[in-house]
Structures are given as C-alpha cells and as structure tokens.
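Participant: Residue-level listing of the chains:
Number of protein chains: 2
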Amino acid sequence: MLKPGIARILSLLVVAGCILPAGGRLSAQTETLPVMPLPAHVVAGQGQFVIDGSFNLALHGYTEPRLERARTRFLMRLSRETGIPLWREAQFNQAHFIVETGGASKPVQQLGEDESYHLEISSAQVRLTAPNPLGVLHGLQTFLQLVRITPQGFSVPAVTIDDQPRFPWRGLMIDSSRHFMPIPTIERTLDGMEAAKLNVLHWHISDDQGFRAESLKFPLLQKDGSDGLYYTQDQIGEVINYARDRGIRVVPEFDMPCHTQSWLVGYPKLAAGPGPYHIATHMGVHDAAMDPTKESTYKFIDTFIGEMAELFPDTYFHIGGDECNGKEWNSNPQIQSYMHAHGIASNAALQAYFTARVQKLVARHHKIMEGWDEVLQPGTPKDVVIQSWRGQASLAEAARQGNRGILSTGYYIDLNQPAGEHYLVDPLGGDAASLTPEQKKLVLGGEATMWAEYVSPENIDSRIWPRTLAIAERLWSPQDVRDVGSMYKRLAIVAQKLESCGIDPRAETDAMLQRMSGNGDPEALKVLAAVVEPPEGYTRNDHTNFNTFTPLNRLVDAVPPESVTGREFQQLAEAIASGQASQQQWQQARRWLTLWRDNDARLQPLLSKSSITEELIPVSHNLKEVAVIGLQALDALENHGSIAADQRERDLKTVQAAAKQQATLLDAVAPSVELLVQATKSE
Amino acid sequence: MLKPGIARILSLLVVAGCILPAGGRLSAQTETLPVMPLPAHVVAGQGQFVIDGSFNLALHGYTEPRLERARTRFLMRLSRETGIPLWREAQFNQAHFIVETGGASKPVQQLGEDESYHLEISSAQVRLTAPNPLGVLHGLQTFLQLVRITPQGFSVPAVTIDDQPRFPWRGLMIDSSRHFMPIPTIERTLDGMEAAKLNVLHWHISDDQGFRAESLKFPLLQKDGSDGLYYTQDQIGEVINYARDRGIRVVPEFDMPCHTQSWLVGYPKLAAGPGPYHIATHMGVHDAAMDPTKESTYKFIDTFIGEMAELFPDTYFHIGGDECNGKEWNSNPQIQSYMHAHGIASNAALQAYFTARVQKLVARHHKIMEGWDEVLQPGTPKDVVIQSWRGQASLAEAARQGNRGILSTGYYIDLNQPAGEHYLVDPLGGDAASLTPEQKKLVLGGEATMWAEYVSPENIDSRIWPRTLAIAERLWSPQDVRDVGSMYKRLAIVAQKLESCGIDPRAETDAMLQRMSGNGDPEALKVLAAVVEPPEGYTRNDHTNFNTFTPLNRLVDAVPPESVTGREFQQLAEAIASGQASQQQWQQARRWLTLWRDNDARLQPLLSKSSITEELIPVSHNLKEVAVIGLQALDALENHGSIAADQRERDLKTVQAAAKQQATLLDAVAPSVELLVQATKSE
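The listed protein sequences correspond, in order, to chains A and B.
Its first residue numbered 0, the first sequence is counted upward by one per residue in numbering that gives the first Met the number 0.
Its first residue numbered 0, the second sequence is counted upward by one per residue in numbering that gives the first Met the number 0.
Hints may be right or wrong, so weigh each one.
Quick list of in silico lysine to aspartate or glutamate cross-link-like pairs, EDC-like style, CA-CA up to 20 Å [claimed, not checked]:
id, chain 1, residue 1, chain 2, residue 2
1, B, K608, A, D51
2, A, K525, A, E561
3, B, K525, A, E522
4, B, K525, A, D520
5, A, K525, B, E507
6, A, K440, A, D425
7, A, K525, B, D509
8, A, K652, A, E682
For the record, the hints were derived by calculation from the structure and aren't laboratory data.
All chains should be built: construct the whole structure from the sequences, respecting the hints.
Facilitator: Take a look at the structure:
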C-alpha cells in the first residue's frame, strides 16, 4: 500500500511551528520527521548516526530493573528493525548511546508525572536524558521510529528533540467482555501503546456479555458470569506489571449499576429484576440492573471494590455508569416505593443516588472515581473524573462544574471512521474551546475506545492500529499539529514499525483472506479487499441475529476499517476532476481501474466455492461495473470529450447504487468514480 | 503461490495402494487426501460432515488432563481455521465428535508405544478411537487437516482412516547453540511437529558457540559459556511438558568430547588444550576438546549427566561425539604419553575409549546413549543408538553390528535442498535395503536436523517448514508412498494449515522484505524474492568472515530454501520444451517471463537506496536478461521458428552465467530458460 516516494521523507525533518534550522541552514526538504506522535520541539542536525553491530546503549545516573528491562527490550526491537544481533551481553562494545536518568518516578505511576525527555542525536553519539524513567521510555520509542535503511546502512538522522505531552491522560480502552481478549493480545496492545506514547490502559473488564476478572470474594462473578474465559488475579497482576514497564497505568472499569447482567447470574440478589439471569449473548442495551435501593447492594460493592482496589494499584477506579434504561427499576414495586419515600423523582436521580453512594465506597478504598458522562449530575463530587462519550459538550459541562474529564467522543475506533476524522477531534475543541484557561486545565486528555461487539482476538490489531496512532498524536503533540496529509504520510511509515512489536494487521488480514479462499490463490480476493470498507457506525445488517457466537470471519471482519487504496484513489480522482493531475496520476488511476475491471473475471469462479465468499459475488461484480464506468470517464476527460447525456445519467445511477452497502461492505472507490463522471461533460 | 485448482483436490481422496471404494463406487477423482503424513489406510465415504457453531467434542473412555488440554487446543485451532467461536464451555451443544480413548500411555513417553488411531467420519458424526492418548493426538491432527471451506460451509469429507506410523522414531533436531532460539520459537516448532506427527525433539543444546542449558552443579557452563541467552531449568521443564502434551519426546544432546569450546570457558580443567578459551563466534570445526585421559573429566561428566538425567526424563541421552579433529590431543604431551602407555593407537581409538567410559556413566544414570555415527566403533555397546549423518551406509553398518540407529543423512534441512529430494531418502533405502528383516528392525526412523549457522529466530520457520512435512511423511507413511508430485500438491495445502499453529513463513519473509525496502513498496522485491534461492550446502560466499554476530537480514536469509515459483516454472518449461504444454501453460509462462522482464525497471531505483539491497542490483538485472531470452525462446518455439546460431550461442552463455551464484543467491528460473533455449532450433 505504501508508495515508494514516502521512503524519501525519512531524511530530514522540521516541524511546522518549531523550525530551527541547524547552523542557519534551512533544509530544502521541509518534510516532518516520520514520527508519531510528532515531538513538541525538533531541531534538525547534520548527518546521521549509523547503527551497526558495534551499537551499544549504556544507562547512566539513576537506574532500576525496569530501566534494564527497557534497555533489553529496546535492543531486541532494534534487532528486529535491522536484523543486526544486538544482545545485551555485547559489553565489549563502547556505548555510543547514553541514557541519563535523573531519578525515580512514583512507585505507582501517577497522573501528571513528568514524561518529558531530551534526545540529542549526532553522527558520533546519542544522548537521551530525562528526569525519570517515563521520559526515557518515550525517548527510546522516538529513537526507534527514526531508524531507517540508507545506502550507508541502518541509521537515524542527526536531530535534537525536546519533547513532552500536551495532555497527561492518553488512553486506550479495551473491551474484554463482549469478546474475550487473551493475555498475549492485551500485552501486544500494550507494546503498541508504548510505541504510541499512550499511558493509560482502560480495561473494560465486565459487561452484560461476560465478567472477566477473577474475584476471590465473589467467585461466582467469573464462574457463572463468564464462559470460562476470564483473567486470573495472577494474570491481571502480570498485565499491570507489563504495563508499568511501559509507562502505562491500568485503570479497571467495572460497569454498574447497568451493563451488569453477567454479575447477576451468580448473584441475583443484587438485581432489580426477578431473574433468572443468563450471560447476555446479544449486543445492545440490556434491561438488567442492580437494585440501588438495597443496603446489601452497597455492602457487596464495598467488599468487591475493596478486593479490586488492592488488585489494581492505580489511583483511579472506573465504575462505568452508562446506558441505564431503567426498565427493571420501573417494574420493581419495592424500588418504586423507595423512590417515592425518599423523594427520588426519576431514574436519573436514582442513578445519581447510586453513584453518590458508590463514590463514597470508592473513596473509602483510597481511589478516585471515574465514570461515563451519565454520572455527571448537579451534585457530582468534584473529584469524579468524567469520560465524555455522548458528545463533546459533556466534557465542557464537567469542567464548568469543576470536574475533570477526558474525551472519548470522536475517538470510538469501533465505528470504522477514517483516521483523519479522529485526528481532527481535539479535547479542547468544540464546546471546550470556550472554557476559561483554568477550566481547560480540567480537561485531562482522552481515550480511544475499542468496544468489542465486532472484534475478535484475530482482527483486533487491524481495528486498533494504525488509526489509534492518530489519536495518540492528538493527545501528545502541540494543538496546532493538525495537517491531515502529513499525518497520513507518517502513519503509513510508523504503522509499519509496529510489526517489530508483533502487531501486523496486514498479516492478520492476509491470513483471514487465505482462509476465505480455502486452498485457492487469495490474490484476486486481496484486490477486492483493498477497496472495500466496513460501513461506519453500528450498521451491520445482521444486527438482530448477531450474537457473541457469530463467527467474525467474513470479509467485513478481515478488511481494515479504512481503505488506504480507496483514499489514495480519491486523491487521484480529485486531482483529475480538478484538471490538476500529473501524467503519473493519470496512469496510476488507469492502472487501478483496469485492475479492478479485470479482477471480477478472476475472482467470480472462486467466490461460489466458499460459503463465506458467496455474499461477495455482487460486490465484486459492482466493482467491475464501477471500474468500467471510471475508465470511460477517464477517456472522456482525457480527450476533452463528452458522454451522451442518457449514458451519463445511467452511469451515475449505477455508480450511486454500487456505493450502497452490500454484504456489510462499502465500495471505497465508487464515490471517487462518481466524482470523475460528474467532471465529464454531457453531450 | 498456490494455484486455484488445488482447492478442488480437497474433495475426495483415495490413496494409491489402499483404495477401497465405498459401496463399490470408485471415485472419478483419484486424488489423495490433502493430508501429510498420508495415513496408512483410507476408505472414502459418502458426503461430508459440516462444522458449524453447534460443533462439540466429547471425551469418552479413559481420560486425563492432557486429553482435556488437547481438546481445548483442538477447538482453538479449529476456531482459527474457521473463524467459528468454539469455546470449551459450549456444553449445551450435543457432541457430534466422540473421542474414545482405551487407556493411558506410559508416564514418560517411550520409544515404540502404540500411536495408532481409527478415525471414522460420516455426514452425521465423527468417531476417533485410539488405544491411548498418543493416537488421539494424531487423529485430531488428521481431522484438522481435512477441514476445508465449501459452498455448504466448513466441513470434512466422509472417510474412514486406520493409521499408524511406519517408524517409531520421527524427530526434528533444533540447534539452540549457534543461534539461540527463544522458548516461544521452540514451542511453536513443537506445535508444528505435532501437526506433522513427529514425536522426538532432539535438542542440540550445547556446542562451541554457546552452552544453553542451566546447570546448578556447574553454573559456569551457562554463565561463562553463553552470552546470557540460555534456558533455565524451569524453562526446560516447561518445554518438556509442552512436548509431552503433544506426544513428543525430548532428547537432549550435550555434544562431547569435541564441540565443547563453550564448556571450557568456565571449566578449563576439562580441556585437552592449554586455553584460555572463549565462546566460539565462528562456525565450522573447532580444535577445542575435552581431555579423555583425566579421571577428573569423567567425574565431572558423571555429576553433570546425573543432573541432566533428572532434568530430562526421556530414556535416551545424546552425547554427540562428532567431528573431533584431534589437534589438541596431538599437541598435549600428557595425552600422548597416556595413549602410548595404554596402547591407544589413534585419535579415533582415544575417542572410542572416551565414548565407552561415558556410555557407562549414561547407563549408570539409567539412560540409553545415543551418538552421531562417529561413536560407532567395533566395540560399541549394543544398546547405543547411532545417528547416521556422514552417509547412509553408517546406518546399515550399525544394524549389521546389532546397533539400533536413526537416519539424518539426507534430512539436513539447513542445506537448502528441495523437499522432493529429502522426500525420496528412505531410512531403509541405500545400503539399508540389503539388510535382513531382523536387521531392518534396528532402523528406528530418522530426524531432520536444523543446524543453526545461518538461522535466526526470525527465519527459522521458513527453514523448517514446510519441507520437514515431507520428511515427516517419509517416516510415518507406508514405504511405497513416494509420488513427489502428489507430495508437493499436498504440501502446499498442509503448509497453509500451519498458520493456525502460529507458523507463517510467508509473513516472516514479507516482514523481512519490508525491512529491506525501508518504507518503500516491497512488491517489486517480492517478485524477485519469489524466484531466487539460497545455494545448496554451506557455500555462503562470506563464510570466512561470517560469525555469530553477522546480521541474518539479507535476501538470502529472507527467501525460503526452495522457490515454489521456480519449481512451477520448471514444470511449464519442461512441458513446453517437450511439446506437451497446454495453451494455459504457454500463457502462464509468458505472463511470468513478462513480469520478470518488466520488474527490473521498477526495482532498480529502490535497490540502491538500502545497504542490504545493493547487492541485488546485478541479481535483478540478470533476471530481466534471462526473461528477455526466455520470451524470445517462447516466440521461436511457438512459431516453430528458429534462432540465429550465434544469437542462440550468446543466449545460452548469458543464461548459464545468470545461473551462477550471486549475492549468495541462485536464479531459480535460469536453468528452465536454458531448457527453453536448448529446445529451440538453431538457424
């Protein structure tokens, strides 16, 4: 998917707004460094630092085992990036990479700790200095992203970087409930988060479809509340240690009082409804809710939070609080009479009562509560952190009330939006732009959310990556870094580097396409797969029949949320339609359209052989039709000719029809072909 | 690489020699089942068994935790093969797959245990019966290989299989010394071995370049004898358990008295030479040797074997014994006088004396000794197992002396031979063919050997797989199963299935090619990579400078040992040259040659940008020249025309020159193009 030309970007740097040409020399190449997130401050140097078998890294100043492990991990990844064996025992080499650490960070990583670092690369040596290990971790990742192959071997460009994050809370939420994500998947994701300089794993570990954490106090939570797939306390501890090694906090979320159907299977006494309860297998909002009017509910929650507060050392504790439909409360006479007796006028007020009670329990166990934006009510205690998801306004509203908050509206990576859209959402944009400077300080950052309705361990990498890198940059880099074109160029390069973290969405997609093809050659299917996308939003056409047992093995599950080829073709189409295309762009457009036109004949005989490719028969056919029309439009445009009015009309209709969802897929090319046809003259 | 047509092979079966058509119906398709190793006995059934979300498997009869784990593993792999969620907790489904196990196998897996199984698949149900868990493990693997996608969904064909191995010792040797292989690499390899029904991991765990096992009695072995990369005793135990779960024995090899340079770093008193010793970094035969004349040597070995005999429960213990050059013995006056005093006439006799002493120690610790064929001497005790590597004759010689033996000659997978060559090497072929039936029983089987001079954790999968499947079939299937064409067809299908074991050599190669391309598009490099091969044997042109720190990141390291495209093109060229090619074959040959001709222009601009692709400039250029000549030859052959004699002469010279090794690579296409030119008429 990557264009050869991008290789050249690697050479020299300079960030818009931070240009300080070395020695007064303004580089002819004003491209940015191929790094994500883009550092706060970059000064170009002269020459490059070459990495060969004599490379070694030394830790100076403060040290601790975590730094030793970071060094080993760094050398292993550098080895994977270069193929050069760089074992930690190669002590006979003189270190040309010196890491200088000022002191320790907090024993439990805290929100707002100093994460800055200073990285100085000359042709002779590299110096990375940071006040504490957190900055060291970030600086090592920046260095890894700078590594490129040149005629002189592997090297990094000479450069001086002063870097620090814009926001202190930069998270990724993983939903382990709807589809269980095994430990290696979680750990691989943490590796990717480290590369992206994200610092919070928000672990959505219970929901209607499964309770995934082991409780020793209430073992029926995981025993009756899961299909056997849950994390033991040892495993959870392992993940927390793994995350700490990478400068990442782990904030658990135990969603309540709703999204609790799985809790109620083993502990029906907590419930507002009569039961019996089963683990939910369908998605969407369920009625199951805790009973907020019983003291026993709070006793249970107190003991439970006590246990979990010890297991998860982070200061913050997420209690969810989203999507209560109130049905079980409405139909429970005892709850109704309790509300009446206590002057609780609405279900929202009942939930506010519940939240206030739970907040006290959370505080009792020395934690700060976090919740989805439903928990923001007039009386919400000031230290509760609000996670905005129903619209950016709630973040501003929280700040005006004096509550801190983080943004997830606009960062829902399960919605299949393009990276460029997420990228332009700013935590201090929208309503928050009008906050006072003091109120703005209450906006802590944001979190990408990987809800797992349509995600399995097999395809989660392609859902999270590379798009989450764009969100990570928004949360780290200066606010004025928002050139979408530059972002996409760097995204393509940095995404590739995730392979050395074991994250390789393309291999994932390839394996799924191979499976769909049986033992056939998947090449023609790959051509189709490159230009279709899942539709945005929760619009899978089989939604009603969809459940947790539904195989996620269709083309919609295999392809990335965003078609790179589709986006690149769109750029070609725009250039051609506006009469500004180069000859090379004309040729590329023709080459692609020809490929798509001819692909159907190769692919059709295979599609009917497999029950999972049958649904693609019309999708492939449509792509061919669109391509034929696209080629005719190119002919007309190139010769300044025209298309007969009725033909042009038919073409537009065909292309518009082809742009409609089919087999839960969108043709990423059809809108661009429509653009080409629109650009032709009618006879 | 796979051709679409191969998909059809999946349908029905029938093995040559074992045809028992169901209901008297002889299938029109006399293709073999796409299974490796091919079962001993197969009867085709009617219809197919469909796998959907209601699939479940029940264990009847004897059971144990290992079988439960095998069931879980089976369901997980079946999930990965189909994308259908098949969790073990789905107990509400009625099991249509019944496993019936007769009883336990030995607490420590023994050579020659019953490994047979009976697998009966109808459209309604599956029954797998076996006398013990070993057969169950094998039967589950056969089932997994039968799974294919059809218009009716995922299914397996109805069939009845009675299966058992031809040889009881079917091994793979891993060299963890020359390049350390991490635990996940070892475990992934064990998964592949299980799929291939191999049952011995021969772990070559110490050599001149590194001592990789933790010894508590002699900790300097790993501390001074390795670069810090070694297996702890816990990890070794974990590997042994992992192997046992998969029906695989683990036989350790501690090579002695030579290949021991790493031992002598920490324990120079063992040495025949004066030292000091360092861990070897170069490959090849080293002089370092133990002193076989000192009693302290045997005391050390006795204690050491005692410790290792407890750690490795297998009955067999490999003491190496290969490649003693005797130089340190020759130059040590004490050893010379000892030999004189004891009438030891030669270094071979001295080694025989050493071997006999060590054999007693091995026996003292209740183990049976195994050694490379150098240990076979006139007086070798009868229970010593001989591993033939210097020629197949040693195996027959051992049998004639009454010693059991296994074959590795011909199974050296580090030599880059094609699978078809390994496949035709038979443990009872060559000199062994003339043994008596009783002597033949002493031939236990064979072992593929993965020596690790040129192998890293990054590319080991592509070295072992898929070729080792061909050797596995030789060791399991009936002797008369030796159709190379059928083997290659099935190999392509079964190789693909290893992906669900986490073994994906193509993804490995792709990642390496991407690295070589920097951020450029690797497509043109992939075209070149598909038609070059490493040369056979130990002929890397940089051999003298090569050491354990040399990066294995060149194209020769990335490409598989055998070019699939090269072999397929050879078939086309042979068909065309013999005048028997179909129109389709003509077209395919032309398509490929055109691709290769045009590829150079795309690739050349990229090659000079990277220090690791620069060496490919002439390789790509040669491919183009060869392709141009190939296309001209096709023109001449197609039109029954001819080529001018001098031109033809020049073409042949060019093609022959292009066939020579360059950048440690061979052009896998040039010999076939030469064939085409040879087939043309000269004017």
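Participant: All hints, please: hold or fail.
Facilitator: Here's how the hints hold up against the structure:
1. K608/B - D51/A: Judged against 20 Å, a Cα distance of about 17 Å means the pair holds.
2. K525/A - E561/A: 15 Å, holds
3. K525/B - E522/A: The given pair, whose Cα atoms are some 14 Å apart, holds under the 20 Å limit.
4. K525/B - D520/A: 16 Å, holds
5. K525/A - E507/B: 19 Å, holds
6. K440/A - D425/A: 14 Å, holds
7. K525/A - D509/B: 15 Å, holds
8. K652/A - E682/A: The hint holds at about 17 Å.
Going down the numbered hints, you'll see the structure goes against none, and every one checks out.
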